[in-house]
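So the sequence lines, in the order shown, correspond to chains A and B.
Remember, our numbering sits 312 above the position in the first sequence when you count from 1.
Remember, our numbering sits 30 above the position in the second sequence when you count from 1.
No lab work stands behind these hints: they were computed from the structure.
Just to be clear, a hint being listed does not mean it is correct.
Unchecked claim - Computed list of lysine-lysine pairs in BS3-like fashion (alpha-carbon distance at most 25 Å, straight line): (1) A/Lys-423 / B/Lys-248; (2) A/Lys-400 / A/Lys-414; (3) A/Lys-445 / B/Lys-205; (4) B/Lys-248 / A/Lys-445; (5) B/Lys-266 / A/Lys-400; (6) A/Lys-400 / A/Lys-319; (7) B/Lys-305 / A/Lys-322; (8) B/Lys-248 / A/Lys-414; (9) B/Lys-205 / B/Lys-243; (10) A/Lys-445 / A/Lys-400; (11) A/Lys-433 / B/Lys-248; (12) A/Lys-443 / B/Lys-305.
These figures come from a predicted structure and were not determined experimentally.
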Amino acid sequence: MNTLEAKVSKIESIDGVSIVSFVTLDVELRMMSLGLNTPIEVGSEVLLGVKASSIALVKNLHGILSISNQLQCRIDSFEEGSLLWSVKLLFGEFRLESIVTKSSAVKMGLKRGDEVVALIKSSELSILEVKAKG
Amino acid sequence: MIDINIEKTLQGSSKDMQLSINLQIQEQEFVAISGKSGSGKTTLLRVLAGLESAKGTISVFGKRWLDGHHTLAVQKRQIGFVFQDYALFENMSVEQNLLYVAQDKELARHLLELTELSSMAQRLPARLSGGQKQRVSLCRALMKRPKLLLMDEPFSALDPSMRLKLQHDILRLHKEFATTTLFVTHDPSEIYKLAQRVVVLEDGKMIQDGSPKDVLLKTKGSQKFSLQGEILEIYKADVIYVAVVAIGQQIVEVVLDGHEAQSFIVGQGVQVSTKAFAPTLSALG
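Next up, chain B with everything else stripped away, as it sits in the complex (with noise of 0.2 Å):
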């Protein structure tokens, strides 16, 4: 098991925020890392990879990182990590970029054939897309077999085709590797799609810990259904009122009763939901 428990003021801004984080991690748990910018997500994957320091405790797998004043150096903490940026070698090729964190010819073929990557391999990052960058990126954090694997964001400079063949890597090296996975992102459909369960930080707090569905789907009583959004504005049709609704990119409209038309204002942040029966699915064309 991991076991962390740690403190650290951080300097925001506007004010000094407090991270408390007190997390059990098992082994081969892969745990999303979720929450605002700047409530603490990637501070507490640097802490953990030994980028900076903290108060506390962290234990991993009966060995401790973090003991009082006592810092396990970075080196020896056993740590693949994958960043937005994929800071790779340049002037080295995919095979050696691989090489260089651990003489593993074996694992690098085997890493590379997994994800797509053997014609590749004698390629300089140069010449390849950021796709395949952030692959090699990934490969390359699993060359020393880490004990955990820590991902900041690893997807957010991609495209969406792309984010979806990395999806499916990350899913086929947790399957083959097993590797006990912290992973920031902001994005639902990926922690749905490769989380087991997701942590959601909110200045520098844990307040959400649970199962994907149970932390994602958000609810109103028994309805299923439910967006937030904002009321652009409420007008009156025949005898209805009609509410039209910001929702991320998009607009909706919803039919109000003249009660219900009253108790709203403009401006005003709502949740839009209804039952699990009513909506319709068509393709996109």
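Next up, chain A with everything else stripped away, as it sits in the complex (with noise of 0.2 Å):
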């Protein structure tokens, strides 16, 4: 699972469902959730998780987008597998972890020390845990 360290900058509530959204390395994240039973607050820090295979990649990104969360990352290495290609990726001091198939892995052209765009939509990430109260 990778993880994030993010601070809590807005709840929005409407019949159980929440829209959170944070800020890590003056990026803005969204996170859509069902009910909220986790203790938070504006201010509060989190350490948010996301699945490595629920993160995709983009190069060039241009147009507008609906996935709410799209991370400026750095290719940092690669493992490469017969169908599967795990790519580690650097977020600012954040390492994340994206698994994608090896056909878009060739398609993109990817190699390391390559900019590109990880996007994560708010229904895949999660808070795993209140590191500290707003």
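With the hints as a guide, bring the two chains together.
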């Protein structure tokens, strides 16, 4: 599980559905959630989690995407499998891993040092732990 | 209000256990008592019924049932009790079983009607199915119009479809009679359907007390879909890892990254969780 330390910047809730916004390394992240039984408030420091298979990669991003979370990353290394590639990314101080198909990786011409954007849908992001209250 | 404040030393198979209960129940409330076997659930019910002694106090709607050395006799407690075994009088018809408790033909007729047993009023228990017997037990427990209804795993010997019918009857009877009820069960779906409140016992102590949703919904952070399991195997597939996890009677697979794969070992107890958005439902075929 990839983890990111972030601070809660906004909480919007209606009928038990919540959108929580976070800030990490000056980037805004958003999480869609059903109910919020973790005791968070604006200012809380949390550990966010996202599965490696839920991170998509994009190069030369243009156009408008519905995906809330877009992290500017640099490719640090690869583990190349026969069908899948594990791409190790650096997002500032955080290390992330993305699992993509080999064919996508080859098509994108991914190589070490490339700048890519990691895309995470807000429904794929979760709070793993509340580190400090706001 | 029912105010229970009791202590009792129970002799366990390995060591003695202290049953220590401080519980307040509102009139008309339907409370499920849950917990592992040997946690003291049945003993609590038996103490309330007056079938076992305990130290402390029990007061029920202003009346003292237990107060130091004074104990109110079982027959004066106005309790209805439904056990796992039906305990019906085999030589009496269904109707006679009910009338034996209280000579109120009108109430007996009404209860049998509510539980759709009217056509069986003259049958002997031997000619009833397990589920029908248990419904008769339930009706009989209500014949005295008890202040408190105690049920100790009344469904555990029944098949699933019969359970549903009996759950339905219990809900209907609770709606009509509004009898304050304490109900011992292990089954989360039963608790969720029937109870307004659930108290979980462990080693004789109350460890949780809340609404069924708050107590039963196991979550990890913002992850709403959470089950407990045990890792049976972790294997590598291409560049990813797969953990095979046993959850109850089922085996599931969870994809892990390399870092996660290193942090778990086979045999470890784990919580399998995902956000409420990811799982999909399909009808059983």
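Verification of the supplied hints:
1. A/Lys-423 / B/Lys-248: 42 Å, violated
2. A/Lys-400 / A/Lys-414: 14 Å, holds
3. A/Lys-445 / B/Lys-205: 43 Å, violated
4. B/Lys-248 / A/Lys-445: 22 Å, holds
5. B/Lys-266 / A/Lys-400: The given pair, whose Cα atoms are some 18 Å apart, holds under the 25 Å limit.
6. A/Lys-400 / A/Lys-319: Judged against 25 Å, a Cα distance of about 24 Å means the pair holds.
7. B/Lys-305 / A/Lys-322: 20 Å, holds
8. B/Lys-248 / A/Lys-414: Between B/Lys-248 and A/Lys-414 the Cα gap is close to 37 Å, so the pair fails against 25 Å, i.e. violated.
9. B/Lys-205 / B/Lys-243: Since the Cα atoms of B/Lys-205 and B/Lys-243 sit roughly 21 Å apart, the hinted pair holds (cutoff 25 Å).
10. A/Lys-445 / A/Lys-400: 31 Å, violated
11. A/Lys-433 / B/Lys-248: The hint holds at about 24 Å.
12. A/Lys-443 / B/Lys-305: 20 Å, holds
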